[in-house]
Structure formats: structure tokens, C-alpha cells
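Colleague: Chain A is already provided as a structure; the job is to place chains B, C and D with the ligands on it using the hints.
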Amino acid sequence: MSERIISYRAALNEALVEEMERDERVFLMGQDVAKFGGVFAVSKGLQDKFGPKRVFDTPISETLIVGGGVGAALAGARPVVELQYADFALVAMDEILNKAAKWRYMHGNRQSVPLVIRAAEGMFGGLGPEHSQSFGQYFWNAFGLKTLMPSTPADAKSMLKAAIRDDDPVLFLENKALYNRRGPVPDEVEVDPIGKASTIRNGTDLTIIAWSSMVAVALKAAEALAEEGISAEVIDPRGVRPLDTATIFNSVDRIGRVLVTHEGPVTGGLAGELIAQIVETRFDKLLAPPARVAGADTYVPQNLELERFIVPHLEHILAAARKLAATGKSSTQ
Amino acid sequence: MSERIISYRAALNEALVEEMERDERVFLMGQDVAKFGGVFAVSKGLQDKFGPKRVFDTPISETLIVGGGVGAALAGARPVVELQYADFALVAMDEILNKAAKWRYMHGNRQSVPLVIRAAEGMFGGLGPEHSQSFGQYFWNAFGLKTLMPSTPADAKSMLKAAIRDDDPVLFLENKALYNRRGPVPDEVEVDPIGKASTIRNGTDLTIIAWSSMVAVALKAAEALAEEGISAEVIDPRGVRPLDTATIFNSVDRIGRVLVTHEGPVTGGLAGELIAQIVETRFDKLLAPPARVAGADTYVPQNLELERFIVPHLEHILAAARKLAATGKSSTQ
Amino acid sequence: MEMTVDQLLHAFRIMERSILAEQRLLRFIEAGDSRVLLHSGRGQEAIGIGACAALRDDDMLFYSHRGVAQILAKGILLDELIGDFLGRIGGATGGLGAGIVHAVDPKFGVMGSSGTLGGGFVLSAGAALGAAKLGDDRVSIHLFGEGSANRGTFHEAANAAALWKLPMIWLCENNGYSVSVPHREATCIEDVAQRAQAYDMPSAIVDGQDVEAVYGAVKEAVERARSGCGPTLIEAKTFRIRGHYEGDPQNYRSKDEIAAAKLKDPQILVQERLAARGVGEDRLEAIRQEERAHLEAAVATAMSHAKAGEAQIYQGLLAGDMS
Amino acid sequence: MEMTVDQLLHAFRIMERSILAEQRLLRFIEAGDSRVLLHSGRGQEAIGIGACAALRDDDMLFYSHRGVAQILAKGILLDELIGDFLGRIGGATGGLGAGIVHAVDPKFGVMGSSGTLGGGFVLSAGAALGAAKLGDDRVSIHLFGEGSANRGTFHEAANAAALWKLPMIWLCENNGYSVSVPHREATCIEDVAQRAQAYDMPSAIVDGQDVEAVYGAVKEAVERARSGCGPTLIEAKTFRIRGHYEGDPQNYRSKDEIAAAKLKDPQILVQERLAARGVGEDRLEAIRQEERAHLEAAVATAMSHAKAGEAQIYQGLLAGDMS
Ligand SMILES: Cc1ncc(C[n+]2csc(CCOP(=O)(O)OP(=O)(O)O)c2C)c(N)n1
Ligand SMILES: Cc1ncc(C[n+]2csc(CCOP(=O)(O)OP(=O)(O)O)c2C)c(N)n1
Ligand SMILES: [Mg+2]
Ligand SMILES: [Mg+2]
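The listed protein sequences derive, respectively, from chains A, B, C and D. Residue numbers for the first sequence follow UniProt numbering, so the first one is 1 and each next one is one higher. Residue numbers for the second sequence follow UniProt numbering, so the first one is 1 and each next one is one higher. Residue numbers for the third sequence follow UniProt numbering, so the first one is 1 and each next one is one higher. Residue numbers for the fourth sequence follow UniProt numbering, so the first one is 1 and each next one is one higher.
In short, the hints are calculated from the structure, not lab data. Please note that a few of the clues may not be correct.
What the hints assert, rightly or not - Straight-line C-alpha distance at most 30 Å; calculated DSS-like pairs for lysine-lysine:
hint: 1; chain 1: B; residue 1: K53; chain 2: D; residue 2: K107
hint: 2; chain 1: C; residue 1: K107; chain 2: B; residue 2: K49
hint: 3; chain 1: C; residue 1: K165; chain 2: C; residue 2: K107
hint: 4; chain 1: D; residue 1: K255; chain 2: A; residue 2: K49
hint: 5; chain 1: D; residue 1: K165; chain 2: B; residue 2: K44
hint: 6; chain 1: D; residue 1: K165; chain 2: B; residue 2: K49
hint: 7; chain 1: C; residue 1: K255; chain 2: B; residue 2: K53
hint: 8; chain 1: B; residue 1: K285; chain 2: A; residue 2: K285
hint: 9; chain 1: B; residue 1: K329; chain 2: A; residue 2: K323
hint: 10; chain 1: C; residue 1: K262; chain 2: B; residue 2: K35
hint: 11; chain 1: D; residue 1: K307; chain 2: A; residue 2: K35
hint: 12; chain 1: D; residue 1: K307; chain 2: B; residue 2: K53
hint: 13; chain 1: B; residue 1: K323; chain 2: A; residue 2: K329
hint: 14; chain 1: A; residue 1: K44; chain 2: C; residue 2: K255
hint: 15; chain 1: A; residue 1: K176; chain 2: D; residue 2: K307
hint: 16; chain 1: A; residue 1: K53; chain 2: C; residue 2: K264
hint: 17; chain 1: C; residue 1: K255; chain 2: B; residue 2: K44
hint: 18; chain 1: B; residue 1: K329; chain 2: A; residue 2: K285
hint: 19; chain 1: C; residue 1: K255; chain 2: B; residue 2: K35
hint: 20; chain 1: D; residue 1: K255; chain 2: A; residue 2: K44
hint: 21; chain 1: B; residue 1: K329; chain 2: B; residue 2: K285
hint: 22; chain 1: A; residue 1: K35; chain 2: D; residue 2: K264
hint: 23; chain 1: D; residue 1: K165; chain 2: B; residue 2: K53
hint: 24; chain 1: D; residue 1: K255; chain 2: A; residue 2: K53
hint: 25; chain 1: A; residue 1: K35; chain 2: D; residue 2: K262
hint: 26; chain 1: B; residue 1: K285; chain 2: A; residue 2: K323
hint: 27; chain 1: C; residue 1: K262; chain 2: A; residue 2: K53
hint: 28; chain 1: B; residue 1: K329; chain 2: A; residue 2: K329
hint: 29; chain 1: B; residue 1: K323; chain 2: B; residue 2: K285
hint: 30; chain 1: A; residue 1: K329; chain 2: B; residue 2: K53
hint: 31; chain 1: C; residue 1: K107; chain 2: B; residue 2: K176
hint: 32; chain 1: A; residue 1: K220; chain 2: A; residue 2: K161
hint: 33; chain 1: A; residue 1: K49; chain 2: C; residue 2: K165
hint: 34; chain 1: B; residue 1: K196; chain 2: B; residue 2: K176
hint: 35; chain 1: A; residue 1: K285; chain 2: B; residue 2: K323
hint: 36; chain 1: A; residue 1: K53; chain 2: C; residue 2: K107
hint: 37; chain 1: B; residue 1: K35; chain 2: D; residue 2: K165
hint: 38; chain 1: C; residue 1: K165; chain 2: A; residue 2: K35
hint: 39; chain 1: C; residue 1: K264; chain 2: B; residue 2: K35
hint: 40; chain 1: B; residue 1: K220; chain 2: B; residue 2: K285
The shape of chain A in the complex, shown without the other chains:
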């Protein structure tokens, strides 16, 4: 099937257009999403196409944006709401965790909340401690919420379409550093049900599990490692919940060495829980201690030049991967 090379941003825009064309119940609201087209330009042109009834700006009122989205979804609409920065999820945390995620469960499973909350996360451009956070880790135990983190334009498009079609609330974390990233997107994307990890590269010496902005870095690392004779498998879980442990565990069982990487801080980050799940259930398959390569344990300064000390780099992955490949027992195979 034919495909085009487009940006992550354009892919998201296409997903919104196609789903709004497909389903009249879909609408988009958020700060500056209408005429301005979104501060990250994801919704450019949408208001012109669908009119102000379906694409409109909101006041600076994040509890209304999320809570209003929950209410509209309960009424039968399919709202897509935008949090300008994922950091503002903290302003609407009650609406996300106590309302969107729990409404079905605590009301006897008689209603659906088909809401998509889009939010731009991650470090980019010197935006400082309150506009640079990565948030996936807060949603490990949001059992009634799906949390997705696409890493490529193709995933951005197909996953956003799947999220809009899903009957559960979805927190859709877009990474700011990826908006300009270009990649192949099929003319007609498959809309797979939510919840499969993607194995982007096969390998035999170690498994690198990478989320969001770190996926591309992990792939580069795998290429560099290949030159050194180290064969790395790269898996992108593509989100937090549901987590495709089958794919991940299968790789760990085959290989026995695992490195987990993401952009947010190490401590309390996404990797910790995943590593705990791995060691708890397949300790004996591990040939070496699992490794984490993640953000520095501090806040993100607003000084752009300091950002590079926060985010994990190719070199960090390479160093950890080399060490991992060299330590521990030799393969049981």
C-alpha cells in the first residue's frame, strides 16, 4: 500500500480530520485550538473545515476542559479535548483520575466515557519545570483509563484514530520533541485495537524497551550496537495501560537482558514498575540486572542549555547497553 512521508504533527491532524469526517459526534475543544490551530499547530485548519460548532476554544479552565469532556461523553458525544501542556493534567487530576477513569466502575458499569484527552508532554525548547514534564508514570493505576504514547507519525495517526473510536477514556500523550519528526504513514492506516506493543527491531543480545521520544534514540543505539556486534531488540510499549506484557516478557524470556528507557525522571518513572513486573515473574530468565536509562532526578530548568543534562542521550543508552551485554551469566541458549 502506498505511503507518504509526513510529520507526527500532520499525522495527528489527519487523524482528527478523518475521525471528525467519519463521526459527527466527535468535536475538539481546548485553548487556542480553533483559529490559532493549537500552540503546537496540531489542529491547524480544523475550524475552517468543521466550523466553530465542532472546533472551538475554551477559557483557561482545565477542570472544565477535562470534566466537561467527561460530561459530554456521558451525554453521548465523542469529545477530543486538548490540554495545552500535559503538565496541566495536574490541574485536572481529579477529573482525570477520579472522574474519567472511575465513572464507569463506580456507577455500576452502565455508561461509557468515550473521551480523548490529548496532551503535549516532554522537554522541548526551554519551557521550564512546569511545562516540560513527562507524565505516563502517574497513570499506572488508572485502571479505567487507557494511556497512550505514540512514537512515530504512523502510530500517532493510527493510535489517535483508535483512541477516538474507543469507548473508554484515553489519555493521549504526544511528545513535543516529536511533532516535527517525519516518517512514513500509509495512505490508509489500519486502526488496530489499542494495546499492542510494537517490536521495531529484532535482536538476540538484549532487549531495549523504549517509550515515546526515546524510541528513536533506542533505534539509533541498536544500529550503533550492531556495528559493535551487539544485537539489540527494540520494543515500544506504545503506552502505559493496557500494557502488552506478552510481547515484552516473550522478548525477555528469549534474551535475558533488558534495558528500559524513557524521558521522565528515573525515580518513580515508567521503567521502575516494568522492571518490577519483569523480575517478579521471570527472575530466573534474567542473565544480568535490568538497567534503566531515564531522565535526571530533578526538575527541568528553564535554561535551554541545561536541558541536555536532564534528558537521556544516545551515549547513555550505549554505555548501559554495552555494560549490560558484558555482565552476568552467559546466555542459557
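Modeller: Here is chains B, C and D with the ligands on its own, set in the frame of chain A:
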């Protein structure tokens, strides 16, 4: 030194009284804390003692309670604020994580935020999905915040006193199931600086690390295990940040088998991060896979009779401990 | 505004139903058969009942934690309510036992309740927004206490609802207390309705003990909402006859105050109104009998279902679990 | 209210200082020497400057993201501000580079700024509460945009501040836009000041281009606050001359509108006022020269400090790191 047997609730009350007597800048605000004495009766009698200027009720306005506490601390006061249920931290998450925890860092380290946020967490009495949560796990990467979780009356008293004296913001998570728990409290408590784990029982076959309400259960388990010839060490980290890894790692290094237990859900709970830190740094010391015994991966129903299926029990710890003691390599000692 | 005799009789019936249901629940609690937290709505029943009389079945209700009368008036089946009290799988929440706080019935537009107070402001605005976007003429209504109106969500939702002229009605049950905190110690304005001025939103103040007064105010607001003229804030002045929760020591108010509140029982007023309209005591007594029988039947139905058990605790987390 | 000639001259000086500082920052940005996000306050300077003229050094300022003039007026040292622009360890934030958004100086009551908008409402109320509890007579002031007033924190803090009669002043810079969203599309009321009615809070509307008008309104509010009579909400009508941020395409407003805003430059007005009070152009020119020299000296001082590096990123997380 002489001591008395008093409840966790009374111990907290005494800490408040003593610190308010010691320091005129300390005041207490929250919903129903004044005449009513707090919905969990922790502040009984305080308004009578210190007057309405220092002990007063607030409207149902959690962002004001926490954010106002931050502002008052910046102005030089030493506020203690109460969130009636820790669940309402979600309403004020921006104030906790983006304001209280970050203010010093993002403003060039020229101010202090000596604020204590007291909050009643945990499952107790059929309060349902929005009033029963355990929240420590959300604060692993709140680098500018100290998060404490006392498990005994003596700790409740000394730790609350330490929190009030501390120049950093402290989130003080009281466990609802512990309020009536009685225990010895010295007439004059030592106010240790924040951040030491407490080794409550020494052992040689496995280490049980238990937080808050699970500490007493872990101790019971250790006693029962002793009868079976299994010697369990029990450590209470007493909080989330700062984490006394020295004490924990030392125990793991000596013993090589570790079980981590807490009340909140397993997935994304406190245990995951701690286990990741352990395996990352002392994989070779481990004789068996670390185990987790924690809450069920679901929300807490309001039906009181169902609560027992959510919270971990003595039997769960015993089963996990027996398995842990029986698996893996034999001790290297 | 006057209700028809039939409407008044129905109001009387629902009031009887909810009073009986609460009484029964108290007996369950005393007997140890139910261990739920009840926030009794005794004294405030006329508000939910008057409001629902002005609504269609498909209008959407976000009720408060003091909501037994509110949801019964909107249509929740008594056996499902009792089922929740007793933690039975036939209850509205399938025995998760959320009981009064979380019963839902989409057929009757009973949408649910937010345990974190103030959540209902943004949710009810959102439901009105959803209806508007779908192009139908449902209205959304939210009942809440005056204490909850101090949450920031009030402001965010009121502003957007007024701006977008959403078909929404907010009905405040001002009973003068937030747990122990008197209204005047939680805000400096006397009337919650005054808040509407900040959004150019129409408002009204009514006697919350008078089912017809509430009905009239809500009816007017419904007409405004349905015709695209936007939201209304109505404040009903009322009294909480019992404690905040069962077991509340009520050390914060006097016995006299409680006694005075009892004299304002809406049940007395609705009976007087019916008498004035020529309805004889025999008709009322017949309804009382019917409702007692209705309650016993509902209890029996509820009891015929199994208790919820471990299997239930994972049900309904996600849509795949939709029953 | 009239300012003295000295006060007006000082206002002129600070306005010059902040305009020069912003211009210089734009040059740094163009030259690639500074890569910070600037929300220019061009056009709105009279508000922060007029306000600070009515304050004591120990009064507490929570400023907005458009706050260069606000913090310079309150006393932040120019070299520390420039130091932040340039990421130098001598900057107010020690080179974390938070620059205009997060400079603090306890000596001058510059308390900081919340990057999540609306955070300042509860913080400023809290600071006023703190002063009240400590029994001193400091007042707390918060400057914010009209868009931020739609956050729920506005409501929670306004209610408590009015109830507790806190010594607090809220000064809204209504420049008509929240990024691209016009004020009239974010709320249905014309005047943010109208919101005060919901809390029985005194309010005022002033011309934000007129430093004396702002000074007068704030002075009155300060007196009210200091004498224990509670908070005031002041709305200053103003214009944003530049984009929301540097680089803003401004596709949402017309060239004419921007041109009209430029005619309302507060710098023009303050100069006219000084001329009317008999102050000659030579005196103004002397101040301009002084401020240019001041800026160059500040740049030199800032540059004399090292750039912040990896060592800085862990500094100041906790009190133990207090410098
Ligand atoms: C956000 C939040 N804060 C606090 C509570 C605890 N709480 C439950 S009921 C209640 C009082 C509510 O008062 P009001 O809104 O006047 O309703 P009433 O109980 O009087 O009907 C409080 C404070 C809560 N559930 N949610
Ligand atoms: C809670 C929150 N929501 C959104 C933003 C993003 N944001 C930054 S500035 C801005 C516009 C603010 O408008 P206004 O308050 O009128 O101030 P102005 O920029 O006009 O001075 C927005 C939406 C934010 N920083 N915080
Ligand atoms: Mg009330
Ligand atoms: Mg503005």
C-alpha cells in the same frame, strides 16, 4: 524514659499541641478542623486551646487550602493544612507538585516553603473509590517535597513534629486504619531529622519492607514465620522521600531475599520503584526474585464487605514469604 | 408555580418513598445488615422532587451525596437502590455498594454523582455541552450543597456555561452547613445565587421546603435552557434535619436549631397543600400504604439477588466489561 | 490620583528600564545568545509600575508571565534579571534561566510567579493570610491576565480572601487576549471587575495605560488592606503591543488593531504628564542615558558570571541546598 500507651490519633494531636505551643508561627487550617475537631478527630480541642486565629475552618476549596498554605509559608508562617481525605490531593495536585514542591528550585533557592500538608489516606469503613486511596506512589519524583507515612503512634508524634520544624514542604500521609491503633509514646519524644527508615525487627532469612498500615501486618507475619523457623527482618521506610536506601540495601545485601508490601494497588505502587532500585544495584546479592504483596489492581468499592478483597492480608504476606524463603539459591553466607 | 393535583400527589408519593427508604436503611444499619455511609436528605426532599417534576425522562441529572429523594424522583428503581444499600448484585451499581451515592440509570437520565464535591459542576456543564453538540434538546441539571459551591470547578463551569449558553440548571440545596461549618463561615455572601452575577447568569432564590416553589423555578429554567437561552442558578433555602452523616455528634449546632428545622419538614407542607386542594387524608393514607408495600417488595427483590463478592471487584473497569 | 513629580520621574525611569531590558533581550535572542521564551509586556508597563509605586518594599508581589516591568518596579536588580536571560549563575535564579518568569528577591518582596496560570490566586491569598497570622501589616498583590481569571483558583481564593478580609490586592491586566483567544470568547462579561460582586469584594476599573490612575487605585486598595478591611479586585484595561510570545504569527488579530494599540503606549502618556508638570525633555533624556548605561553595566555584570552548568541542575531542590 517513661512512656504512655496512646492512640495514633492522640499522638498526632499531641504533636500539634506541642509544636503550636513551641512556635507561634504555626497555625492549622482545613475543613471541619476547628469546632468539630477534624472528621477523624485529630484536632480535637485545638481551637479551644489556641483560639480561632490559629485553628480555623476553610471552605471546600482544596486549591486554596494547599496553595494558600504555600503562600503563607512563603510569607514566613508555618502552616499545617489538612486535606480531609488524601484523595483530594488530586484536586490540588498542581499546588502540591508544581507549587509546594518546585517553588524553591524554580525561583533560585532564595525562599523556603515550610508547609505541612496532612492528609488521611487508605481504605477504611466503606468510603468507596474516591475516599480510600493510598497515594505515596505519586510522590516518588516530587524532588522538592518530603513525603512521610508514619506507622505507629510514636512515629506519628515524632515525625509530625519533625515535619512542622522542617524548612521543606512535607506531605504527611496518615492512615485512616491506624487512627485508633494504640502504642507506646515516650513522654518526651525525640525529634529526629526526617529520613531514617526504621528496622523494627531483625532477621536472617528475608527482609520485609512495609509501609504504613502494612507494618503491623508485616510484624505479625514475622512472628508467625518465626514459629515456622523463618526469620524475617522488618523495615519501615517511614515515607517515600527521602528514602533511606542505606538501611534497606544493607538488609538486602545481608539477607538476599526481599518482600515489599503496601496498601495501595500493586501496579504502579510504591513497591515497584523500590524493587527496581534494588535489582538495578544489587542483583547479584539476590537469592530469589523480590516479591510484592499489595492492594488489588482495581478501585476500592464502596461496599464495605468487598474491601477485604482489596487490601493485602497476613495470609498473603505469609504465603509470599514462605515461597520466597523456599525458592532460589541458598544463602551465600 | 402551581402544580396540578396529580403532580402534587406524585410529589407526595416520592417524598414518602424516599423517607421510607431512608428509614429502612437506618434500620438495616442498626441491625448490621448494611454498613453504608448515609448522608440523610431528611428535610430537603422537596428540592429534588420539585425539580424532577419539571424535567423530562431524558434530561440528565447529576445528583448530590444527599440524593435519595433526587434519584427516586428522577426514576431510579427502589429495588436497585435498596440492592445497593445491601451490596447485592441486583443493585444499581451491581453491588459495589456505592448505594445512594452512585446509582445510575441511563433510561431516566440519572447520570451519577461525584464523590469529590464540586466535580458535578464541570460534569453537568459538559453534559449540557454534549447535548448541544449532538443537537438535541436535553437539559442537564446538577444538585449540590452550598458548601460545594466554594470549589473552583463552580467558577470554571459557570463561566463556560454562561458563555456558551449551555442548557444547564444548577440547583443549590443551601442547608446552611458543610459538615460542621456554617455557611456564613465559609463565604461572606448570604445568597449563593448572588454568584450568578459574576457570569451574567439568571438566578433565583426559592423556599426549598416548598415543592411547588422549586418546581416553578426549575420549570422556568428548563424553558430557558431548552430554548437555547442558557443556564440558570437556583438557590433553594433548606434545612438538614439529621446530622451530616449518621453518627454525627452535631456538637456545632443547638438542639433548638434542629427542633426548628423539623417544623419546616417539607412533608408537612405538601400535605397542607394537598388538603387545601381538597385531597382527603384517605387518599394520602392509600399512597402511604402503597409505598410501604412498594418498599417491602423492593427489599424482597433486592434480597433475592446474591451478595456481591470477589468476582465483582474487577467488573466494569473498562468497556469490555460492559454488562 | 496624582503622583508627585519625583514619583512620576521614577515611573518614567522604570518604564525606560524595562523597555530597554526587553529590547536588549530581543537582541540577545536574535543573536542566539539567549534562547528564552519572552512574553513581552510592551504596552502594559504602566500597570506594574503604577502598582509598585503604591507599595512598600516588604509588601509581597506575585507577578505574571508578562512581568519584566512588574519585577523591576518592585526592585529586582537589573543584572540579576539579565543574568537569568543569559543563564548565568549570577542571575536571580542562579542560571536555571527561568528569567522573567521566576526571578525572586525576598528583600523587595518579589515572591515569584506560577507557570501554571491561576496558581498566583491561591498563593497571593495565602501570603496575605500568612501576614495576617504573623500579625504584621504587609499586603500581598498579584498581577495576572484576564484569561487567567477563568481558572477555578480565582474563585477559591477570592471567596476565602473576602471572607477572611485578607490584606490582598488583585490587579488584572486585561489586554483582551489569552494567547489567541479574545476576552469576549472566553467569558461573557465585559469587565473582570464584575466578578468581585460574587464575593462582596470592592473593585475598580482603571485605564491601564495611565500610571497615575493605576497608582491611585492601588493606593486606595493598599490602605483598605493594611487597615484590615480586606481585599480589592482592580481591573486595568490595557493593550498588548507585541505577540503573545516572540514569534507569535498573530493571525488572530488585524494590523490595524496592533497599530491602534501602539498609539496607546504608556510611555507616551507618562512623558506627556511629565511635560504638563513642567519637566523638560532634557531631564528625561538624562534618565534615558542613565538607564542605557545602567543596562550596559548590568549586562557586563551578568556576563562576568559563569554560565550555569550540570552542577546547577540539582541545586535548590531542598532546604539543605539553601545558598
Ligand atoms: C472535594 C471535596 N472536599 C471535601 C469533601 C468532604 N465532604 C463531604 S460532604 C462535605 C460537606 C458538603 O457540604 P455541602 O456542599 O453544603 O452539602 P451538604 O452536605 O450540606 O448537603 C464535605 C466537606 C469531599 N467529598 N470532596
Ligand atoms: C493552567 C494553565 N493553562 C494554560 C497555560 C498556557 N498559557 C500561558 S500564557 C496563556 C495566556 C494567558 O492569558 P492572560 O491570562 O490573559 O495573560 P496575557 O498573556 O494576556 O498577559 C496561556 C493559555 C498555562 N501556562 N497555565
Ligand atoms: Mg450544606
Ligand atoms: Mg490577556
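Colleague: So which hints don't hold here, by number, going up?
Modeller: 2, 11, 12, 14, 16, 27, 30, 31
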